[in-house]
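Given the coordinates of chain A, assemble chains B, C, D and E with the ligands onto it according to the supplied hints.
Chains as they are written, first to last, in our numbering: chain A, 888 to 1411; chain B, 40 to 269; chain C, 136 to 510; chain D, 672 to 964; chain E, 177 to 576.
Don't read these hints as lab results, they were simulated from the structure.
The reader is advised that the hints may include incorrect statements.
Heads up, simulated BS3-like pairs for lysine-lysine below, C-alpha to C-alpha not over 27 Å straight-line [unchecked claim]:
1. A/K957 - E/K532
2. A/K952 - E/K401
3. A/K1032 - A/K1009
4. B/K188 - B/K143
5. E/K181 - C/K467
6. D/K807 - C/K303
7. B/K102 - B/K44
Spelled out, the chains give:
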Amino acid sequence: MLFRHLLLIATLFIASRAYALSPEEVKGMAIGETEARVEVLNKAAANADEKTMAFIQALSDDAVKTRGDKVYVVKGDKAFDPVTGAETPLPADAEDVINPNLMRSELDNALAALKLFSKDEKVRRDAIKTLGSDNDEARLPLIEKAYAAETVPQLKSQLELMRAAILLGSSDKAKRLEAAAQLSASKNPTTKTVLLERLATETDADVKVALQAALSKVDASLAWGDKLGAIFSGISLGSILLLVALGLAITYGLMGVINMAHGELMMIGAYATYVVQGLFQKYLPAAFDWYLLAAVPVAFMASALMGAVLERSVIRFLYGRPLETLLATWGISLMLQQLVRSIFGAQNVGVENPVWMSGGVQVLGNLSLPYNRLVIIAFAAAVLLGVAWLISRTRLGLFVRGVTQNRPIASCMGVNTARIDTYAFALGSGIAGLAGCALSQVGNVGPDLGQGYIVDSFMVVVLGGVGQLAGTVYAALGLGILNKFLEGWTGAVLAKIAVLVFIIIFIQKRPQGIFAMKGRSAEA
Amino acid sequence: MLNVKNINQYYGGSHILRDVSLDAYPGKVTVLLGRNGVGKTTLLKSLMGLIPIKTGSIDFNGKQIQGSTPYERARAGIGFVPQGREIFARLTVEENLRMGLAYKRAGTPIPAELYELFPVLKQMLNRRGGDLSGGQQQQLAIARALAAKPRLLILDEPTEGIQPSIIKDIGKVVRMLADRGDMAILLVEQYYDFAQELADDYLVMERGEFIARGQGKDMEANGVRQLVAI
Amino acid sequence: MTTNAPMIPAVLLPAKGPLLTRAGWSTFMMALIAVCAVAPMLNLWVPEGSLFHMSTYAVALLGKIMCYAICALAMDLIWGYTGILSLGHGVFFALGGYVMGMYLMRQIGHDGNYKSDLPDFMVFLDWKTLPWHWTFSDSFIATLFLIVLVPGVVAFVFGYFAFRSRIKGVYFSIITQAMTFAAMLLFFRNETGFGGNNGFTDFKRILNIPLATPSMRMTLFVITGLTLLGFFLFAKWLVSSKFGRVLQAIRDAETRVMFSGYNPLGYKLTIWVISAVMCGVAGALYVPQVGIINPGEMSPASSIEIAIWAAVGGRASLIGPIVGAFIVNGAKSWLTVAYPEFWLYFLGALFIGVTLFLPDGVVGLVKKFRKGSEK
Amino acid sequence: MTPDLLEQGARRIEEHMALLAAGGGNAGSGGRHASTGRVVESGEVDVTHGRILYLDDVSVSFDGFKAINKLSLDIAPGELRCIIGPNGAGKTTMMDIITGKTRPDEGTVFFGSTIDLLRYKEAEIAQLGIGRKFQKPTVFEQLTVFENLELALKTNKGVKSSMFFRLDSQQSDRLAEILVTIHLAGSVGRMAGNLSHGQKQWLEIGMLLMQDPKLLLLDEPVAGMTDEETARTAELFLTLKGKHSLMVVEHDMSFIKTISEIVTVLCDGSVLAQGTLDEVQADERVIEVYLGR
Amino acid sequence: ADTIKVGVLHSLSGTMAISETTLKDTVLMAIEEINAKGGVMGKKLEPVVVDPASNWPLFAEKTKQLLGQDKVAVIFGCWTSVSRKSVLPVVEEMNGLLFYPVQYEGEELSKNVFYTGAAPNQQAIPAVDYLMSKAGGGAKRWVLLGTDYVYPRTTNKILRAYLKSKGVADKDIDEKYTPFGHSDYQTIVADVKKFSQGGKTAVVSTINGDSNVPFYKELGNAGLKAKDVPVVAFSVGEEELRGVDTKPLVGHLAAWNYFMSIKSPANTEFIKKWSAYAKAKKLPGSDKPLTNDPMEATYIGINMWKQAVEKAKSTDTDKVIAAMAGQTFNAPSGIVSKMDEKNHHLHKSVFIGEIKADGQFNVVWKTPGPVKAKPWSPYIEGNDKKPDEPVKGTSVATTK
Ligand SMILES: Nc1ncnc2c1ncn2[C@@H]1O[C@H](COP(=O)(O)OP(=O)(O)OP(=O)(O)O)[C@@H](O)[C@H]1O
Ligand SMILES: Nc1ncnc2c1ncn2[C@@H]1O[C@H](COP(=O)(O)OP(=O)(O)OP(=O)(O)O)[C@@H](O)[C@H]1O
Ligand SMILES: NC(N)=O
Ligand SMILES: [Mg+2]
Ligand SMILES: [Mg+2]
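Only chain A is shown next, with the shape it has when bound in the complex (with noise of 0.2 Å):
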């Protein structure tokens, strides 16, 4: 579809010169050392006929294989030859045509100043995107017609930036001048590096003066999206620990469970989300887009089950001994990350993100928020509200307080406290599972995943203070912030110090976290 589209532009645009792709041009782009190729390719390209066109199109699309000095273009099963078009039958031991970072970018930039008289205005925006920064100024001309050309004013205005940074090399001083002036106004990265290499080689005063105002404008207006970006990226750590605690927050914060094991009930949710991602790939591979919402019940209850099946089998004749749950909780952590390296392997296993979690949104110039981020921040906040009206506002959370207070007194109340603390643990486990599928979107999937995350998940809950699910959330989010706003400044490992000096002093003034209670009550 895009295809020919862009084989009607071509031939619109270049319809008066046409020239034949000739089998040298064919073989010249195909086979040889990268540069060669690319000469080749931007010659052909600049009078490009239709046949150059669909050529350059399945070169970028590692649709062509070669064999000696023979190309072929394959579709499907069948072959072709790109000069004369007839299909020919392709050799078993052809190879495929290899293209480097440096060759596929000549390709799309080709492909992109084509794209530039497309009908669509998406299809141009993304060709304005493609080219970037690409200041050749063999394109000059062709930019200056797009530029011309187009009507939507923010497509017209970034063009005009393009077209001044190609300008800024021009050998006509006014030019320079006037280019400069206007890629100050400029909120893209790409405009700096431009302006930085102009000023490096840049022999005139006045230019120079006219590049340093534009690149500090530039500077000024990038500032403002390294700075977004850092709280972004506190909140984001700050979503995850948030996700990694509020498990913790019950299974240890409520039921008093020093969970040494909660990490690993983390993996078995990521190991989950793994195994609906391999039975979507299997079976369903049209709706593999969505295998993550399958999965975030699964994982949730996988480890449900499982942290169903400790309470039951260990855990439940433990309480009142939080110590000694500790050593125990740390023995089934060792077997459960031992298991996993039975089951699956001590490899990670690969958990792609879904496409519409991959890339992101470009905010600023410089800022741009990834999907999978965005999506954990509000998949967290859900976690979160659904805990907090589990825990405050129904009969099962009152019962699981209850119980984890004083469980002989609650039973001589009629409630049945085995059962609760056993709902209690596997409610627990099971965040601590939806915590284990949202890591799977951002970092490892392995039989150490959940060792990562012990530490930070206990420090946030007891800097929270223990039992206070408000508390919880304030850690989780400032520990965040601090940790990225010092990241940025010091380098991680000092950031990462200076946060755990800095909960060491904390929990000097609050002995008993943010969220301390306070009175008689806190001593019961």
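This is chains B, C, D and E with the ligands only, laid out in the frame that chain A set:
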């Protein structure tokens, strides 16, 4: 209603309850007296199922419940006010009362008469149980047990730490509950005058055994006051 | 305060028992002989290949485990007796180890990879002079002092602030974990000047005597054994004094302790520092025997393991943690060879089993048996 | 001396003068201006003003709820003071303030006339000579009865002396004596945690006796005791009176009756009435809020 | 005796298990293959597998055990340089033999070790050269990003010196380290983005182990494309990419001496063997068997050791060491790999590959033939004086 036969109970090696038998009847207050450490609390806990008994049987409304869990006993209609209040310290007063309704259907309201009986609870509905004063907690514990309208009410030293006027009220309530005729009440008490006033039947325990029993009205005559002294 | 009653009925007060029972002393002596005489004999004089020969590997392994046992003992003092669970004792172990390691690094002299005055890792960092914190590392005497001083001072400062602020229970445990985690990250950084992730290794000499000789190894082994036994007696004396009972009282009801007129701060701080110093000494003994020290010893997991040794053996019994250290580490060494792919199952099951079935640890089981047989 | 201390001193002298002027002369130290410029031995409680405990205008609130409201109260050396009052009146909270467990929002608390208790921590206050029994019995559950008492013993409570401490024969005698007093002679070797509720009450009283404090604060000491034991407790307290000062909180009127001279009624965080038991029992307000009809 | 014991010292648990477990299986596969062909000198090989659990001190302890207790003839093991460094003193003291199969930083030459992975000049330097070339994108600014330990530190030190010699200014080099297991690369990626505004930038990644997955995920989602800022990695192979969605990573690079995608008869054979072995043993991930460079190096190592033993007619360490010199083996990478006569390193071809959407690599550049290893990099001061062979008697036991 409650029929206990030959219970034996041990802590580790020591024999705490020896062949204890007792009965409690609807509409009657049975008072259990005895010095410190003779095993009163142990007996009540055994009745509640908090510590499993070694031998003997407990019959409640014609059902053998010695093997049941505490929550099953609670559901069968036994309400318990434990010694030492045992409030849910980090639940609010209201939530404590709702815990008392745990086995009722969701949405069962907290009986309004509880607030009449213990007005302080109404004032403090949203305060955490653990923040209450000792006596307030004791009141809460009694209210919590009454919330579900049990058929057998077991009270372990309910007047401990409570101000005189409220002790009087509690006395009146216990009497009233008994007089309604459908609730049996088993009361452990050290406060002799209070106990005597309420007792329909009495039991005196000494080293895990009953050494005297009889009707409440005969207590003074039978010298029970001296029995619980050394 | 006397009551008027003049007659004081004869009340049998429990008499203060000896430090160790007779059986205790004889076991102790046997351990002493085993460490000082039997082991050297089996290792150095019984020829290799003989059934009774104690291999170098066994010497190294036992030496290492004895160091761990000291840590477990230290953990027992603070956790078992005082009820303060430290999840950061690995730091003190590592600090002692690092102090010793710095000395050993200096002893390498020019025999390192780069044949430089400086330790190898400083060479690849392009450092030209020793950083300040290496000042005393060439003196053995200073090193001995620092082994006690560094963990001691760190523990004192940390403990003082934490206990003064009345940080308790899990809050304390978690900030000790934060402490060890922060220390680990700090030491992982190469810029910190402790060899980063590699830590220190490739030691050659101690006091100019080569380390890798059988007699040197045996000497270190014996010193470690004596230290362990010495610490055991010391700990025994501590916990059977009134000091020890105050600790236990703090564990049970700290407010009551305060209202009885004791300031828990001093008590907690004292036992905390003693415990830390014991770990530091253990670390210092560990390094020359194992031949490497790196920040891994400060990982939260390492500290948790110390607690686990104590728990497996049985808390609040002194001999328990020692036994626990031997059981867990022995099992680990054996299982990683016998069942390299399954050993974590066994180890995990061991921890679960002990908690479920032996609430007082392995020693508790022995006690129960003994009680049973007495009856 | 810090400025605030100076200021406090000045204020107290002023108050004292006012008191003298009002004719309540014997509340002080016999009319002498003794509180200034007199050397006080450290650790000795200065009771020359005739007051061992002195609370003035103390208030504390929890989340806006005023648990103690401008409470003023004092106790003479050797006095046995009974405190009654409805549940939630603030009796336990008052003890919390005296022993340093709770910091008041405002007001002054003095032990003797020189020791500002607000400047001390719990352990220091205990060492100064204030002992306390909690409403809910608290003993060292994992220690034996013997060890519980031994720990409470009045000695140097520093770390070093604890390490080298040995019970001397005099101390042993006293320990034995107290064991008998609290009826636990047969249980010396038992774990305190295994005692019944009432036994723990006694043990805690025993620990207090071992501590030999100048001022004893007893929060519901006979709760859960039999009448017989209550009577014996009363006897015990009466023997302590004179040499020690006692503040007893109880709801058991018959117990109060046997021991009391002056009874203070607390309500809503401040003093509602004060006088002999008969006086307060006749007070309408006390009947209304506390005794009931 | 009837068997020859062979020690296998790779982490099967802990952080490094991810990379090392397959190496253990590679050794076992090779042993099975050798035994099937009649063993070595008529004796079967008996593997002794231990798990040092990614714990460096445990590596040393297990080595003592393998050499002292089990008396193995040779040890195949270690991945990280840290683990090798902690094993080294033991191996030297007990005069054992270690085959180390992973690319590393050089600066070491022990008589008791054979290094079958790449030295810096067989991997790092060519990779940087490529990125500087026009074909590689003509990078002017450099981010040297690594895990904070000896291998990345030393490698980057060498690279910095090398870049400087090529006229790159200090301000155009940004060196960054993250700890093992670091998992949040938001800030780092943002920093790289910012740094790249200053001119054509390439990233040299010496991130090891787990951290690679979150790093690449972040890279992909933050939209840092290979054509804008290419990342070349030295410790990322097919196995490490198993855990990553490679579609956004297409075009990022790795430098190795072997790729699974290399077409050679020996490689076809190797992949076939491995697939069959993985399937037969039901190894995890056997539905998608992958081979990688360290596996190849392991495989070469064990086969060369076998040849050397047969040549020496003994498993005696010193005799085997002597016989190792000049051994050759038909390597899966398509060359005849030779053990250097003197310096205990292999001669290897260098390949640079770009990541494909399927997680495999397109070879975009390679050396014309095998390159001799320079363990003592000339870009480190004083190395010019170091002899290109192990110096006798560095170990303590023999000095005093
Ligand atoms: N958990 C326990 N372990 C061992 N012995 C116990 C335990 N609980 C109570 N005892 C002992 O059992 C006996 C009976 O205790 P119980 O609590 O039933 O007494 P009580 O009659 O309720 O006394 P009180 O009037 O003081 O409440 C006491 O001697 C007590 O010391
Ligand atoms: N931390 C707290 N938060 C909120 N309210 C509190 C807190 N502590 C005490 N209170 C309230 O302060 C009041 C005084 O309590 P206090 O325990 O001093 O009463 P009391 O006089 O000892 O009563 P009782 O006779 O029942 O023991 C009570 O109403 C109690 O609910
Ligand atoms: N040699 C390495 N990759 O550590
Ligand atoms: Mg009782
Ligand atoms: Mg009170």
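B/K102 paired with B/K44 [C-alpha distance capped at 27 Å]: Given that 27 Å is the threshold and the Cα spacing comes to 13 Å, the pair holds.
Restraint check for B/K188 with B/K143, where alpha carbons must lie at most 27 Å apart: holds (10 Å)
27 Å Cα cutoff - pair D/K807, C/K303: holds (21 Å)
Hint consistency between E/K181 and C/K467 [alpha-carbon to alpha-carbon, up to 27 Å]: Cα-Cα ~22 Å, so holds.
A/K1032 paired with A/K1009 [C-alpha distance capped at 27 Å]: holds (18 Å)
Straight-line alpha-carbon gap A/K957 to E/K532, limit 27 Å: holds (24 Å)
27 Å limit on alpha-carbon distance, applied to hinted pair A/K952 and E/K401: Roughly 25 Å separates the two Cα atoms, so the pair holds.
Every hint, counting from the list given before, is met by this structure.
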